[in-house]
Amino acid sequence: MIRLSELPYGQSGVVVRIGGAGALRRRIIDMGLTPGTAVRMGRAAPLGDPVQIAVRGYELSIRKSEAREILVEERKER
Amino acid sequence: MKKKERTLKFALAGNPNCGKTTLFNRITGSSQSVGNWPGVTVERKAGTARAAGALISVVDLPGIYSLAPYSPEEKVAHDYLLSGEPDLILDVVDATNLERNLYLTTQLSELGIPMAVALNMADEVEKRGETIDCALLSRKLGVPVVSVSASRGTGVGLLLKAAVETAREKASPLPARFYSPALEQAIRGTEEAVRTPCTRWRAVGLLEGSEPLSGLAPQARRKIEALRKTIPVTEALDLDMIVADQRYRFLGALCRSAVRKTRVSSGGGYSEKIDRVLAGRFLGLPLFFLFMLGVFWVTFGAPGSFLGDWLNGRVLAFSRFLDGVLRSSGTQDWARSLAVDGILGGVGAVFVFLPQIVLLFAMLSFLEDSGYMARAVFMMDRLLRKIGLSGRAFVPLLMGFGCTVPAVMSTRILEREKDRRLTVLIVPFMSCSAKMPVYSLIISALFAGHRALTVFSVYALGIVLGVLSALLFKNTILQGEPAPFVMELPPYRVPTFQNLRLHVWQRLKDFLQKAGTVLLFATVAVWFLQYFTPSMGHASDPSQSILAAAGKRIAPVFTLCGFGEWRQAVSLVTGLVAKESVVSTMRVLYPAGVSGSLAEALKAAFTPDSAYAFLIFVLLYTPCVAALSAIRREMGSLKWTALTVGYQMGLAWFASAFFYQWATLLRHIF
Numbered sequence: 001m002i003r004l005s006e007l008p009y010g011q012s013g014v015v016v017r018i019g020g021a022g023a024l025r026r027r028i029i030d031m032g033l034t035p036g037t038a039v040r041m042g043r044a045a046p047l048g049d050p051v052q053i054a055v056r057g058y059e060l061s062i063r064k065s066e067a068r069e070i071l072v073e074e075r076k077e078r
Numbered sequence: 079m080k081k082k083e084r085t086l087k088f089a090l091a092g093n094p095n096c097g098k099t100t101l102f103n104r105i106t107g108s109s110q111s112v113g114n115w116p117g118v119t120v121e122r123k124a125g126t127a128r129a130a131g132a133l134i135s136v137v138d139l140p141g142i143y144s145l146a147p148y149s150p151e152e153k154v155a156h157d158y159l160l161s162g163e164p165d166l167i168l169d170v171v172d173a174t175n176l177e178r179n180l181y182l183t184t185q186l187s188e189l190g191i192p193m194a195v196a197l198n199m200a201d202e203v204e205k206r207g208e209t210i211d212c213a214l215l216s217r218k219l220g221v222p223v224v225s226v227s228a229s230r231g232t233g234v235g236l237l238l239k240a241a242v243e244t245a246r247e248k249a250s251p252l253p254a255r256f257y258s259p260a261l262e263q264a265i266r267g268t269e270e271a272v273r274t275p276c277t278r279w280r281a282v283g284l285l286e287g288s289e290p291l292s293g294l295a296p297q298a299r300r301k302i303e304a305l306r307k308t309i310p311v312t313e314a315l316d317l318d319m320i321v322a323d324q325r326y327r328f329l330g331a332l333c334r335s336a337v338r339k340t341r342v343s344s345g346g347g348y349s350e351k352i353d354r355v356l357a358g359r360f361l362g363l364p365l366f367f368l369f370m371l372g373v374f375w376v377t378f379g380a381p382g383s384f385l386g387d388w389l390n391g392r393v394l395a396f397s398r399f400l401d402g403v404l405r406s407s408g409t410q411d412w413a414r415s416l417a418v419d420g421i422l423g424g425v426g427a428v429f430v431f432l433p434q435i436v437l438l439f440a441m442l443s444f445l446e447d448s449g450y451m452a453r454a455v456f457m458m459d460r461l462l463r464k465i466g467l468s469g470r471a472f473v474p475l476l477m478g479f480g481c482t483v484p485a486v487m488s489t490r491i492l493e494r495e496k497d498r499r500l501t502v503l504i505v506p507f508m509s510c511s512a513k514m515p516v517y518s519l520i521i522s523a524l525f526a527g528h529r530a531l532t533v534f535s536v537y538a539l540g541i542v543l544g545v546l547s548a549l550l551f552k553n554t555i556l557q558g559e560p561a562p563f564v565m566e567l568p569p570y571r572v573p574t575f576q577n578l579r580l581h582v583w584q585r586l587k588d589f590l591q592k593a594g595t596v597l598l599f600a601t602v603a604v605w606f607l608q609y610f611t612p613s614m615g616h617a618s619d620p621s622q623s624i625l626a627a628a629g630k631r632i633a634p635v636f637t638l639c640g641f642g643e644w645r646q647a648v649s650l651v652t653g654l655v656a657k658e659s660v661v662s663t664m665r666v667l668y669p670a671g672v673s674g675s676l677a678e679a680l681k682a683a684f685t686p687d688s689a690y691a692f693l694i695f696v697l698l699y700t701p702c703v704a705a706l707s708a709i710r711r712e713m714g715s716l717k718w719t720a721l722t723v724g725y726q727m728g729l730a731w732f733a734s735a736f737f738y739q740w741a742t743l744l745r746h747i748f
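Going down the list, the protein sequences come from chains A and B. For the first sequence, position 59 (counting from the first letter as 1) is numbered 59 according to our numbering, and the numbering increases by one without interruption. One rule links them: number in our numbering = place in the second sequence (from 1) + 78.
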């Protein structure tokens, strides 16, 4: 189990747990990041932060500091 | 004969980027009453339409991802939906992003308000080689679902018919099975515990704790607390998470069965490919700066000024024609002067910037509708965080170059008050398009050889001082962490012409309204004050006029800045009404000499140093009254508004005096 922020670019994983608290956590959950959801790490912005992730068929951008709160299980690409 | 039916009120709700505004434009056409701004529906826009024999009024709400509001803009949508006003919720769902869009649908369907779902962009899904089973969605969600294409206009008639029927029957959504038996049991228990009629949405909120229990009777409170313990939770799936998790589980299963692949798709993932370039590591930023330069070049460079010059020629020709007609028909001198020098000279001087305004807003709208603006926000987040803002603040700041009023209003997309205040404080430093006529006039008179460089330096100075001001406020009165950044990157789309046209038309209408009312009034007032002497005789020389007498009292304030002459001071004061007034006032005040050119008169009135100091002052000083009232509204406090005004005035005076004094000193030395 690793932090989403540590997932290498282009790699996929499955959400295990969402940390953090309050409105930000609520927002992340509402955007569809719930346990068991598949995510793929896309790319970082040209300046290195935020990052772009693919979830539930759309693209979401979050900061690395927020990605650190999301725990994922790495999934090997077929 | 049938009894006259009352108007049905529809609330248009949905995620951002789901094509809601396109559908709104499609339904209401030209009957809209309030304009919007590209991408950010700031105001509650309303329009009317006729469908299935009913008169309907439609309110377009800001896009929301869930009923839990984060930003003030989302709160507008939330509050309106819960106000009991709408007869029906028209929920727009992006078919290409079904799962997440339907999440809001599951929440809306629990409000107990009649509802219909518009499954938008179904044609795009078909292009991907998939079909969506609308009947199945409708059955499982308990609401009518109609497939439409807002951009092409197909299916809208059927949608409205279904919606009108649902609203007439007052048919609330049928109960759907989103939850596990244990959770369902607990929700029912909560509904019973509250006793008073309670929507399912409220019961769920009370149970999961997003709605406080404090308003309830102690007995009900104890019962709900006991019910919470019956819900099987784990460490990862806690009480805050479980409702959302089960909604998404339900939707995952629903989408798997409702979306069918009919053929292997060809050419999907184009957004990903475009992103690799436009938001890519190496080309992303260079292309971003190139696009921004492109926007400015088209507006202020050759294309914009060509159109402006052309229009200017037309206005001048008409002015000469009118002058000739009035002279030969023996109209009184004062009436001719009012029409030609006052109204046509003043308003006409502003009118010639119409093409540039159209171009600028068309391009901003294009950037927004195409999806590129979200990428710009994505790329700018890191930089803006350094000045205490989040990437989202990029949108108001960029809009600031168009007009401060919508830019200030669009700060409602920011989640935190501190971010909103900071953004509002620095937006006016992004030189608005109304200041452009002033720059153009001064530059053509005094810096004709260095046109591009001078314009660039003024804009750059605004940005630099904006950044420095942000740093100042961030480290003093507006401390704190920047707001979190969770933002969707919508797929790239070709903007529809109708949306583009409506956006631009809205801005154009505002401008023409301003030209026809405020500016017209200001120019007539200025003309009047300069035509008459304090004893109400005709001032053969403007320096004998009422205006000159008043101007001479204010002018000394600007002596240190190098433009302490009464005409200059008066034009700056009228600039508070609208920045374009500076130009129209100058046109009225500076007597057109033998050559008849205002530039000649200005060349005599300014030195290059005082002219540049004047430009600095115009760049920085308090924006127009319209912007001030927007600032007052968004700041929500008189103290903050006063601070904003005081800061701008002070900085403008100090910066231009600083420049003028140093420039004078350096000229003496060298």
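Some clues are possibly wrong.
No farther apart than 20 angstroms at their CA atoms in a straight line, the calculated lysine to aspartate or glutamate pairs in the EDC-like style are these [as the list claims (entries may be wrong)]:
(1) B:87 with B:323
(2) B:307 with B:289
(3) B:464 with B:619
(4) A:64 with B:323
(5) B:307 with B:262
(6) A:64 with B:559
(7) B:301 with B:323
(8) B:464 with A:6
(9) B:630 with B:619
These aren't lab readings, by the way, just hints derived from the structure by calculation. All values derive from a computational prediction rather than experimental measurement.
Open item on the list: Tell me the hint numbers this structure goes against, listed in increasing order.
Closed with: 1, 3, 4, 7, 8
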